[in-house]
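Participant: Turn these sequences into a full structure, and let the hints steer you where they fit.
The chain contents come next:
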Amino acid sequence: MHEERARERISKAVGSEASYVLWLFVAGDEGNSRRARENLMRLCEGCLQGRSEIVIYDVLKDFQPALEHRVLVTPTLIRVWPLPRVTILGNLSDIAKVVAALRSDGGKR
Amino acid sequence: MTETPRLDPLLQARLEESDALLQALYRGEVDAVVSDTAVWLLRAQQAESALLASEARFRDLVEGSIQGVIVHRHFRPLFVNSAYAMLFGYTTAEILAMGSNLELLAPHERARLQAYHEAHLRGEAAPAYYECQGVRKDGVPIWLEMRVRLIDWDGASATQAVVVDVTARKRAEEQVQRACEVLEQQVRERTAALEQTNVELRMEIAERRRGETTLAQRNQELMALYERVKRDRALKATLLKELNHRVRNNLSAVIGILEVERERAHLRTADEALAACAARLKSIAHAHDILASGDFAPTDLRDFIGVVAGATLGQEGTGAPHIDIAFDQASLKLPPKPFLALACITNELILNAVKHAFHGRARGQIEIRAWEEADQYILEVRDDGIGFAAGAEAVGTGLEIVATLCGTDLRGDCRFLRGDGTIARIAFPKAIAAPGAAP
Numbered sequence: 001m002h003e004e005r006a007r008e009r010i011s012k013a014v015g016s017e018a019s020y021v022l023w024l025f026v027a028g029d030e031g032n033s034r035r036a037r038e039n040l041m042r043l044c045e046g047c048l049q050g051r052s053e054i055v056i057y058d059v060l061k062d063f064q065p066a067l068e069h070r071v072l073v074t075p076t077l078i079r080v081w082p083l084p085r086v087t088i089l090g091n092l093s094d095i096a097k098v099v100a101a102l103r104s105d106g107g108k109r
Numbered sequence: 001m002t003e004t005p006r007l008d009p010l011l012q013a014r015l016e017e018s019d020a021l022l023q024a025l026y027r028g029e030v031d032a033v034v035s036d037t038a039v040w041l042l043r044a045q046q047a048e049s050a051l052l053a054s055e056a057r058f059r060d061l062v063e064g065s066i067q068g069v070i071v072h073r074h075f076r077p078l079f080v081n082s083a084y085a086m087l088f089g090y091t092t093a094e095i096l097a098m099g100s101n102l103e104l105l106a107p108h109e110r111a112r113l114q115a116y117h118e119a120h121l122r123g124e125a126a127p128a129y130y131e132c133q134g135v136r137k138d139g140v141p142i143w144l145e146m147r148v149r150l151i152d153w154d155g156a157s158a159t160q161a162v163v164v165d166v167t168a169r170k171r172a173e174e175q176v177q178r179a180c181e182v183l184e185q186q187v188r189e190r191t192a193a194l195e196q197t198n199v200e201l202r203m204e205i206a207e208r209r210r211g212e213t214t215l216a217q218r219n220q221e222l223m224a225l226y227e228r229v230k231r232d233r234a235l236k237a238t239l240l241k242e243l244n245h246r247v248r249n250n251l252s253a254v255i256g257i258l259e260v261e262r263e264r265a266h267l268r269t270a271d272e273a274l275a276a277c278a279a280r281l282k283s284i285a286h287a288h289d290i291l292a293s294g295d296f297a298p299t300d301l302r303d304f305i306g307v308v309a310g311a312t313l314g315q316e317g318t319g320a321p322h323i324d325i326a327f328d329q330a331s332l333k334l335p336p337k338p339f340l341a342l343a344c345i346t347n348e349l350i351l352n353a354v355k356h357a358f359h360g361r362a363r364g365q366i367e368i369r370a371w372e373e374a375d376q377y378i379l380e381v382r383d384d385g386i387g388f389a390a391g392a393e394a395v396g397t398g399l400e401i402v403a404t405l406c407g408t409d410l411r412g413d414c415r416f417l418r419g420d421g422t423i424a425r426i427a428f429p430k431a432i433a434a435p436g437a438a439p
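Chains as they are written, first to last, in my numbering: chain A, 1 to 109; chain B, 1 to 439.
Take these hints with a grain of salt, some might be off.
Claimed, not checked - Some chain A residues well away from chain B (every beta-carbon gap over 12 Å; in silico):
1. 20
2. 25
3. 32
4. 42
5. 48
6. 66
7. 89
8. 96
9. 102
10. 103
To be verified - Covered by chain B, according to a simulated footprint, are these stretches of chain A (three or more residues, beta-carbon under 8 Å):
11. 51–63
12. 73–84
Keep in mind the hints are simulated off the structure, nothing from the lab. Because the structure is a prediction, the values reported are computed rather than measured. Backbone N, C-alpha and C fix where the C-beta goes; we use that ideal spot for every residue, glycine too.
Facilitator: This is the structure in structure tokens:
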């Protein structure tokens, strides 16, 4: 079910003007998860200039999507689009590193 | 050991994944761990206890990793997980008790890895990924792939290494390498054999070409020989035909001579007549010999006169005058029939001069000349003898033969003139001696 919804969202985002589709896996309002959310928002408003679609998954509410996407820890940010998939672990406080990873051509950071 | 510029991509991805996870854990940026059945929160009430909990969780996480992980400071082990200990056949406690984890590496690798480590500490460039050879507790050598990085451990710098056993892959590579070497050896041997065959083939081709050239030469020689034989056969056939013709002509001449002799049989004895016939037949035989030696080609009259003059002078008796015969200017090349006729005529004229021109003389001179004049050939036999009386007719056997041959064979005429002695002049058309004239 989740995979289908994810595919729909990707198709929608790719069809729209969005340049990035990003999924953030967090654990409720835990410290690092909260910082990751805030950092990601700042990043979207700044560097990405609103050209992104962000989906936030809270593993404390439902951890099935995390299992489906092989997410081991939170917070984890996944660049779903453009391909290839890029995974970034941690609270995203090193903005420069995160931007570099999002603009890279794949791998884990 | 060589550095590893290219690792297995899947393995590298897994090493990077582990590394990213460890870094996030080190930074304390992880809130929760998601397992198949639950979400483990890494939350703590106090910073201290949070750190302890975090470390405990980190250790749990690393402990569960399938990759070997070791943290050491100057090769003194500070932490190892079970996977690392199992790689080498030790317990984690045994490894932690070691003074240096270099003991786990093959002796020939130690200096290299120590150099890398020191370069890392100095901040210099040194490989962070590499392959090296280790030694298990039971002494069995193993191949390892390592990723190393400097980390902070309990407030001081330490080295973390993530290790994977790639012995199976290396063995497979070695087997492939061996197979390649065997294959290359076979290719080399096969190539050498082919080159040898090639050399032999080239030699054989060269030999065959030589053979073909020789054969072509032989063939050419054979063809030339065949052509020569063919020409010779044709020539012989022609010669045979000519010979038959000559024999027939000669017989006709003989019959003619005998006829003349028969008509004059009452004038002399049989012995005289036979002797004269024999002398004339001899001159015909001389002429025939000369023609045959030249394959019945056109023959010079002078050759005949030379023979006849010698024979004529040889017949002289004792007390006979000495006669010089000059025939330097008697050159006249004729085909067989006119040659034979003219030879007989010349013979008769010389004999006639010898017999009748020089009575009572000690010396005599006969000169024979031949030349062309308009469409005629002229032959002149001139002597400085007594000459003949005016109005006298040539009635001797020889002169009758001369007249007969001149009229029938040469289609010419014969005249006798007075000079210092006698001049016999024979004139006949060139056409009689032309190619294609009746033989």
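Participant: Against this structure, judge whether each hint is valid.
Facilitator: Status of the hints after comparison with the structure:
Residue placement check: residue 20 (chain A) keeps its beta carbon more than 12 Å from all beta carbons of chain B (closest about 20 Å). A beta-carbon of chain B is positioned within 12 Å of the beta-carbon of residue 25 (chain A); the least distance is around 8 Å. Non-interface status of residue 32 (chain A) relative to chain B is broken: a Cβ of that chain comes within 12 Å, the nearest being about 5 Å off. With a least CB separation of 16 Å from chain B, residue 42 (chain A) remains clear of the 12 Å interface cut-off, as annotated.
The beta carbon of residue 48 (chain A) sits about 21 Å from the closest Cβ of chain B, which is more than 12 Å, so the claim that it is off the interface holds. With a closest Cβ-Cβ approach of about 5 Å to chain B, residue 66 (chain A) is found to fall inside the 12 Å limit, against its non-interface label. For residue 89 (chain A), the non-interface assignment is contradicted: its Cβ lies about 4 Å from the closest Cβ of chain B, within the 12 Å cut-off. Under the 12 Å C-beta cut-off, the non-interface status given to residue 96 (chain A) relative to chain B holds; the minimum distance is some 15 Å.
Distance check on residue 102 (chain A): its Cβ is at least 15 Å (rounded) from any Cβ of chain B, clearing the 12 Å threshold; non-interface status holds. Even its closest Cβ contact with chain B, about 17 Å, leaves residue 103 (chain A) beyond 12 Å, as expected for a residue assigned away from the interface. A stretch counts as covered by a chain when three or more of its residues have a beta carbon under 8 Å from one of that chain; for the segment 51–63 of chain A and chain B the count is 3, and the coverage holds. Counting residues of the segment 73–84 of chain A whose beta-carbon sits less than 8 Å from any beta-carbon of chain B gives 3, enough to reach three: the coverage restraint holds.
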